[in-house]
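K.L.:
Given next are the chains, with one letter for each unit.
Protein chains: 2
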Amino acid sequence: MIENRNDNEVQYDEELLRQLLLDGNIEEFREHYLALHPYDQAQFYEKVGPDIRKIIFLFLSPQELALIFEALEIDNSEYEEYLKEMETSYAAEMLSVMDTDDAVDVLNELDEEHRDSFLEMMDSETVEEFHELLAYEEYTAGAIMTTEYVSILQNSTVRSAMNVLRNEAPNAETIYYVFVVDDQHRLTGVISLRDLIVSSEDTLIKDIMSDRVVYANVTADQEDVAQIFKDYDFLAVPVVDENNELVGIITVDDIIDVIDEEASDDYSKLAGISDVDDVNVNPFKAASKRLPWLIILLFLGMITATLMGQFEATLDKVAILALFIPLISGTSGNSGTQALAVAVRGIATGEIDGKNKLKLLFREISTGLITGIICALVVIGIIFFWKHSLIIGLLVGAAICCSIVVATIAGSFIPLLIHKMGIDPAVASGPFITTLNDITSILIYLGLASMLIGQLG
Amino acid sequence: MIENRNDNEVQYDEELLRQLLLDGNIEEFREHYLALHPYDQAQFYEKVGPDIRKIIFLFLSPQELALIFEALEIDNSEYEEYLKEMETSYAAEMLSVMDTDDAVDVLNELDEEHRDSFLEMMDSETVEEFHELLAYEEYTAGAIMTTEYVSILQNSTVRSAMNVLRNEAPNAETIYYVFVVDDQHRLTGVISLRDLIVSSEDTLIKDIMSDRVVYANVTADQEDVAQIFKDYDFLAVPVVDENNELVGIITVDDIIDVIDEEASDDYSKLAGISDVDDVNVNPFKAASKRLPWLIILLFLGMITATLMGQFEATLDKVAILALFIPLISGTSGNSGTQALAVAVRGIATGEIDGKNKLKLLFREISTGLITGIICALVVIGIIFFWKHSLIIGLLVGAAICCSIVVATIAGSFIPLLIHKMGIDPAVASGPFITTLNDITSILIYLGLASMLIGQLG
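For the protein sequence lines, the chains are A and B, in the order given. Taking my numbering, the leading residue of the first sequence gets 421, the next gets one more, and so forth. Taking my numbering, the leading residue of the second sequence gets 421, the next gets one more, and so forth.
The following block holds chain A by itself, in its conformation from the complex (with noise of 0.2 Å):
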């Protein structure tokens, strides 16, 4: 049977399944539902709810639902409640012969009692390796690196490397690299099993393997590993420690989940949200991850208005000005945004560093020159025809160019001001940098109007 992802279509019966398990009919049950993709299988686990999974537990060993509990899409927090439904010893031997690596994540989510239950339930080399990797800071190369890999000696036979291949490919996350150490367990080299099928037997690894590999330090910022993916096109990076002694690898298939994860981060934080949440959120938690920011500009907007009071005097004689706030407010927050983005982005993708920031805030100050010109030229020609007034046209002119120059030098500066702190740039959120801007814009627009209030009134 060929199934087709494109008609969105769901990939199995989910009645049938739910009516396999209610009547009990363990052999159908899971002759259908073992024959589906890991995701399949995990999708139906999420929606049936806690009462079916429990029927599941008694159907499926633990080492069949490790594989399910490996592609669930369920946020971390959720991953304590999901355990709970089982038997603590279930759960347990689950752990121990899923994935290290998403084990850990599992096993990190877990308040530390918890977490404990399980671990004494394990055997002690399991353990030991739980404990090294739990050890690892959170998005770092340690972190989401996993210790199932295959190494060979540099001066074994392509003939004994694929019998260790052989062996071992029931369990590596990857048999696609081999990674190749000397008798220290020092990295020197990598080889494909591309290179090894096309080899004759009797060739030695350290004749064919490649000496030249690219591999993360144990401490990497996962956004930086995630670069070496996409700038090598690799399917495995091998991870190494102080020593140069190789200790995990990363795969591609959890490096695209960190490239997702950090696009949407930037994203959530232009829009100002701690995190994107999806439709099943209920409203109150949507509107926790939302008012932080709210509120926080709400107090900045206060601030606005009390330097704004400052000029009362002029908005009292010349009511008119009060027409282009908006429009002089929000043209320079959209600029600074603009800039925001090129230099929260340039800064992620390592297209920004210490060498070329001075040509960046150059070239800015540029586009916001050229820019402001021409939205200058632009609303002083629309006033005129429109409102047949020429000294308010070039004083909104005026006014929007020295904003949009203005906002477009701090919403690149400001990021690179932060992230040379050792800040995440992306917390420079485009509502904050927009809120500043319609400050500084409201004080240069007000500040020209009051000193030629003569000529307004």
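Keep in mind that the hints were calculated from the coordinates and are not lab data. The structure displayed is predicted, hence computed values, not measured ones. Please note that a few of the clues may not be correct.
Pairs involving identical chains hold if they fit within one copy or between any two copies, as the list cannot separate such chains.
The list that follows gives simulated cross-link-like pairs (lysine to aspartate or glutamate, EDC-like), each with its CA atoms no further than 20 Å apart [said to hold, decoys possible]:
id, residue 1, residue 2
1, 709, 653
2, 775, 435
3, 650, 433
4, 467, 490
For chain A, the structure is supplied; the task is to place chain B on it using the hints.
P.N.:
Structure of chain B alone, referenced to chain A:
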């Protein structure tokens, strides 16, 4: 030699390579340069400029240059220029040995005449292959797939499959999945190299292959294909035509670029730029990417000013009202952008579909009400304790609450509407929604103020 990408070191000795080229030292240049990873070769190639590149053509064969061209990270518009540096026959030879998907990407960027000058020089088989791929629409599975895959008949044995693999290994994009077809070349299954190397040589492929293949239609959107990779963690996905015949495969390295592009794309649109340029783009080009939105929004801003003109009398009477305009329009803009970000990402990741649109809308209305009421209370409190005015506080609070609710609904509903019309919801860019929300929030505020004008005076 081990290379470490995390130290941000350059992976090669640029000066040495440059000198070897200028000295005409072919042998030593080739020895150093060809030992590099194609990504690093490409980085050097981009950096040295056209004059030095002309020497490189003399030192490398078109086959060697093809690998470099596949790894270039230049703007699509630059390919034309790069190809014009070479002799036509050299360029044609290089294009014909590149991975077909990469070569087609390049050919797609050339004007017809230039493209035909290359195609004329290639053998008819290659030309036919290119013509087929060039016919697929951009951003579809057909446009990003490669035709260099390994397929075998379902009735062959593991032994013959391994022989096919050994022969095809140098040309195929991946040999880690072998796609199984019937005698009409219809896709019937898939088998991994992993499964092949652990099976005995006389086993029939059809007995060990997986017959539940997840595939993409040749006309499918590249975002849908990316979703398959995210869900199923595949290294390659087969592509079939309307008769279920296997026509190509898509590999994970190409999909990483798609995921990165699409996320960048949504991000740019949220910021109101046509795409995120890098630091090397000159100010005029950068300005031209930003001006379209800025100018459209200027016109929208003029509409805001005109509508506000209706309330000039009110503003004239109570100038203090103007002080809170930026606060109210800012807050409404921010909450609208938050709702927009959630809706656009939800649609992009497929989390929001036809069935749960109403659910999302209901969730957003509730979220808008909760955030609106809380923000209103905060504002009333601040204005009361700060400005000692309850009536202004109540007015601004009410306006903020209404604006947030309207902005939240608009932010989620407009992208859903646009998506239903078959347009990419990300075009409902952040600044556009923000400006719309500006208008409504100011109308709500000044409308309320006009009604209460008796109390305010």
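K.L.:
Now tell me if each hint is right for this structure.
P.N.:
Here is what the structure says about each hint:
1. 709 <-> 653: Answer is neither; intra-copy 36 Å and inter-copy 30 Å both fail.
2. 775 <-> 435: between (60 Å within a copy, 18 Å between copies)
3. 650 <-> 433: neither (38 Å within a copy, 22 Å between copies)
4. 467 <-> 490: Cα proximity of residue 467 and residue 490: one copy only (16 Å, versus 43 Å across).
Checked against the numbered hints above, the structure breaks hints 1 and 3 and satisfies the rest.
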